[in-house]
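Top line first, the protein sequences correspond to chains A, B and C.
Counting from 1, position 259 in the first sequence corresponds to residue 259 in this note's numbering; the numbering is continuous, with no gaps.
Each number in this note's numbering corresponds to the 1-based position in the second sequence with 506 added.
Each number in this note's numbering corresponds to the 1-based position in the third sequence with 847 added.
It is possible that some hints are incorrect.
[Unchecked claim] Derived SDA-like pairs: lysine to any residue, alpha-carbon spacing no greater than 25 angstroms straight-line:
| no. | chain 1 | residue 1 | chain 2 | residue 2 |
| --- | --- | --- | --- | --- |
| 1 | C | K916 | A | S366 |
| 2 | C | K916 | B | S817 |
| 3 | C | K1003 | B | S817 |
| 4 | C | K1003 | C | R1064 |
| 5 | A | K345 | C | L1119 |
| 6 | A | K345 | C | R1064 |
| 7 | A | K162 | B | L727 |
[Claimed, not checked] A few chain C residues that don't get close to chain A, going by computed Cβ distances all over 12 angstroms:
| no. | residue |
| --- | --- |
| 8 | L855 |
| 9 | A867 |
| 10 | A945 |
| 11 | L948 |
| 12 | W1026 |
| 13 | A1034 |
| 14 | I1068 |
| 15 | S1093 |
| 16 | L1119 |
| 17 | Q1150 |
| 18 | S1168 |
Because the hints were derived from the structure by calculation, they are not lab data.
Beta carbons are placed, not taken as given, at the ideal position from N, Cα and C, and that holds for glycine.
Each chain, written out:
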Amino acid sequence: MPDAAPVRMTGIVKDFTGVRALDGVDLALRPGEIHAVMGENGAGKSTLIKVLTGVHGHDAGEILLDGEPVRFSGPKAAQAAGISTVYQEVNLTENLSVAENLLAGREPRLGPFINFRAMRRRATELLDGIGVDLNVAAPLGAYSIAVQQLVAIARAVDIEAKVLILDEPTSSLDRDEVEVLLGVMRRLAADGTALVFISHFLDQVYAVADRMTVLRNGALVGEWATADLPQNALIGHMLGREAAALEQIERTAAAHHVADGEPLVEAVGLGRKGSIAPYDLTVRRGEVVGLAGLLGSGRTETARLIAGADRADSGSLRFAGRRVGGHNPRTAAARGIAFCPENRKTEGLVGDLTVAENMILAMQASRGWARSVPPARRDKLVAAFIDKLGIRPADPDMPVRNLSGGNQQKVLLARWMLVEPKLLILDEPTRGIDVGAKADIQRLVAELSADGMAVLFVSAELDEVTRLSDRIAVLRDRELIAVLEAEADLTSEHIVDTIVAGGREP
Amino acid sequence: MTAPTLTARPTRSKLFDGLTRYVPIGATIGLLAALYLGGVANYPNFDNPQVVAKLFIDNAPLLVVAVGMTFVILSGGIDLSVGSVMAFATMACAWLTVDAGVAAPLATVLVLAFGTAWGLLVGAVIHYFHVQPFIATLVGLFLFRGLTLQISATDVSMREIGFFQWGMTHVDFGEVRDGGFWLPYLSFVAFAVVAVAFVVLHYTRFGRGVYAVGGSETSALLMGLPVARTKIGVYAISGCCAALAGVLAAFATKSANPLANVGTELDAIAAVVIGGTLLTGGAGFVLGTVAGVMVWGMLNTLIAFQGNLSSWWARIVMGALLLAFILLQRVLARSGEKRRT
Amino acid sequence: MNAYAKRLLWPVLILLALIAVNIVATGVDFIVPSVNDDGRLGGAFVNILRRSAPLLLIALGMTLVIATKGIDLSVGAVYAIGAAIACQTIIDAPDQTAGGLVLAAVALALAATAAIGAWNGVMVAHFGIQPIVATLVLMIAGRGIAQLVTGGQIPKVQDASPFTELGRGAFLTVPIPIWIAALVLTALALLTRRTALGMLLESVGGNPEASRLAGIRSRGITVLVYLVCGLCAGLAGLIGAANLGSADANNGGLWIELDAILAVVIGGTALLGGRFFLLGTAIGVVIIGTLEDTIINVGLSSQWQFTAKAVVVFAVALLQSPEFRGWVLRPLRRRPEAPAPAQAEEAAS
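Please model the entire structure based on the sequences and the hints provided.
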């Protein structure tokens, strides 16, 4: 059996400046098999793929291609060896025609000139091969993303791919389009191609994958045949149990019984096409509401609509009893809604600015540029929060990009705590930070809610959500499917069961 | 199991998409027609064919520069050095032939080779060192203006060199007095450049690569296209075109002025954009550039016919047109983006 | 403040080196100010400062624009428009020496250039057009507009008009252009560093999305910055025109936008936006001004200044390119374990 694998990765280790992204991961790809690589954000799926295709080098372990150890210099070299990748974002050019995109760089020629007729014929054949019928002379941009994705696959297949990697190819497709894509995948597998499928849609994975490899926090959890791994077991493996020595967060009884508190956020039918189906959600003062679900379930999108980061195109939102109109981050902040986004570096912090400047940013934004926060007051506030949150190094003039992830997250939290919001929205505040900082942040959330602040808490870790939340909204496939009351006996297994049960039929 | 077959129609209708692609150039041609008809209606002798022929005489160097600029802009770059390179090329022709006694054809070849080599260097700096095109070509703008002034701070005449008479030798099409017109050889050189550029852009791998790189450089790289060769190539073409335009200017005026062509890069950029090429790259036509240059020429002709208007009006109108086209392209791009979430 | 000092170190060293070359070539008189017969401060270096004033004004405005990840190519044309409006207003009046007239002309010119700057800002902030494209429109059309104002002539203001004092006069023996430049530098430094404007600018330029989510009114700030830039360019045009006593729509402020960008980059502000250094820009401007004199003082013809600037642009652009530094330093940095040299480098620079 091992000899049947054209690609075998064993004991792969990859370090990024002190952070171990992959720790002894194995992956074996066999011809005619669709192999799903599963895991949450940061589990190491894309790093593994990038190591395989030579985007990143690896620090230990080896990659065998047909039994020979290899190390590719980049995607082009991997492609030449028969390993093609189709990415989530279609990496083709919309301004060129379908045929040109399919055959760019390999156009049939007459002398030095491109033979357009032969090119169109060849392109039509290629698309026929995967069961797609298009006008190949039309610009690619005229077609939907789904069709573009299929064109990308046809292109990858044409480069005589032994291995075809599909990295989240379905994330922007609708149901029918997904069916076509899965059909194409089955057809390719039947022809003997080894496929790697990365997707956060469990239905799709169960519909096509023959085998699954599950990663968590850069480590291999295991490899199973799909038939041997029921959905709830898979989710359990992906989300895992945080074995680390996190302190148990003691909630005061008062904080836990706020069900009769007055509602602060009332979302009715709030939704945004293509990102989250309309949902109803209420958050009361002093309450922690958790948003649980897998990656891509719409948990971030749910939070962003309430935060005003994205514009809703349906439904209504009431905040503190008033109807919210003209919702955007600035007006949201003025109402008392604070939002710490998922991606600290690209959406949260300004890396060039210092710790103190980043902390003061939201307060300053609300005052306008002309009314500077007086330096003395600023220094006092900043020092107080550095002390309170234990930010290290405790240097307010340090550029924030030089801080570790956990400390960066604390700076972001401090930015919003400074303005004393009524509602604090935290999107994955504990992702990718060390255990100590994680415990600090969890404790802080508990304290803030005990003081009467409402918190909307998004996390990929079910244990964390269950421990901190008074109520948990469960999401799946961009729909809010249930809101669970956090009774004493609610465990992460309940949530997993809800996710599995709440899904549409595959 | 049987795999389903997907027959997809473009989400935007093909007709509409075709229109979107041709809206800017259609607008340019409409504008050109309006300018021409306006001229015919208002001024006697405007319908003389020589009026149109004159556009390609006066603007032959600009046309050649603009064709080179089209390559650069299509690839998503910009070249600010063309005006200076052009002036330098004219001056170098004069210096090599008049002062150094080099045979004129050889001098011409040397100048063209030099322009191309400079473009290669600039392209390499832009591609390999990720210097912004705007800054990298700024070097050329300063450098060649300086070098030109160092060769001579005053006009140099090339009237004595027989070779430079060749450019204005003309071909008559019918009797000029009764509805015919004439064109000099240098216009044909410009036409040849346009024709070659058209074929290269639309019928060769390099040309399609230029569009691909302008559409998305990352995609082009991941598709395995020769991005380095393409990006460096467009600057080499632009450098070569600028040098050739300088040679054409030498043919046309038979003298080299060290302060000639200040701001030609702006005229060329404006002509390219008004010709329907997207300033951000990836979409446009070299024939559109021809139309853009003709708009520029037509504006100047109209001003000349009017007699009491000054030439600065051409610049103002070009600026206004540029604005209109940028806004038009912005609107078209937005309507295209709406499909995505 | 340490980071600021580090950023300014290189520009200051370059400036000192240039001054040293000049002193060697022409003697200590180069740097020591002298008092002219008419009681005004003179000397080679004071003249450099006086002549650099318009460039400094434009470069300061450009610094703010670049801090927001933008660029303003139209400043040279705006310079010409400001000069044209002021001169034309003055020569159209019967009595060119009237103080009120000069004030009105200056106010009119500044209002017009501020409006042009705001227009650029609206194009960038509200229409979402790339800055280089948005300001290219006025770079092309602007000189035509200036011609329109002057009717294609070069309006010459009488030497007796108080307007010329803006360029040639002196106050407390110091030339007025130096006063204006110093005042604007101080004012902008106070405006950006005493209010929160500077920090918000750096935030918008450093990370636009994070700034939006933090609730910053980035559109208003962007428009304001382009407005200030236009105003600075107009003021520079006034000084230039007052110095010459005329407004040349074609050649006034020609290529000054490029000199200004060069000065900003020499002064340590990255073209990618974020941190900006007004004082660094000022030093960059003086470097460019001194460079022009140095070329003549070491015995080269004035045509060399273009070539010299080309070399400076090339050197600065390459030195700012991480790829270039990597390529040059590669042979020097062959260590088995070099964790995050990029980060260390960024922190140090």
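Cross-check of the supplied hints:
1. C:K916 to A:S366: Holds, because 23 angstroms separates the two Cα atoms, which is no more than 25 angstroms.
2. C:K916 to B:S817: 35 angstroms, violated
3. C:K1003 to B:S817: Holds, at about 21 angstroms.
4. C:K1003 to C:R1064: Cα-Cα ~44 angstroms, so violated.
5. A:K345 to C:L1119: 17 angstroms, holds
6. A:K345 to C:R1064: 20 angstroms, holds
7. A:K162 to B:L727: 21 angstroms, holds
8. L855: 17 angstroms, holds
9. A867: The assertion about A867 (chain C) holds, with a minimum of 34 angstroms to chain A.
10. A945: A945 (chain C) is indeed farther than 12 angstroms from all Cβ atoms of chain A, at 36 angstroms.
11. L948: Holds, because the least Cβ-Cβ distance between L948 (chain C) and chain A comes to about 34 angstroms, which exceeds 12 angstroms.
12. W1026: Given a closest Cβ separation of 26 angstroms, the condition holds.
13. A1034: 14 angstroms, holds
14. I1068: 7 angstroms, violated
15. S1093: 39 angstroms, holds
16. L1119: 10 angstroms, violated
17. Q1150: Per Cβ check, Q1150 (chain C) is outside 12 angstroms of chain A; nearest 40 angstroms; holds.
18. S1168: Non-interface label stands for S1168 (chain C): nearest chain A Cβ at 18 angstroms, farther than 12 angstroms.
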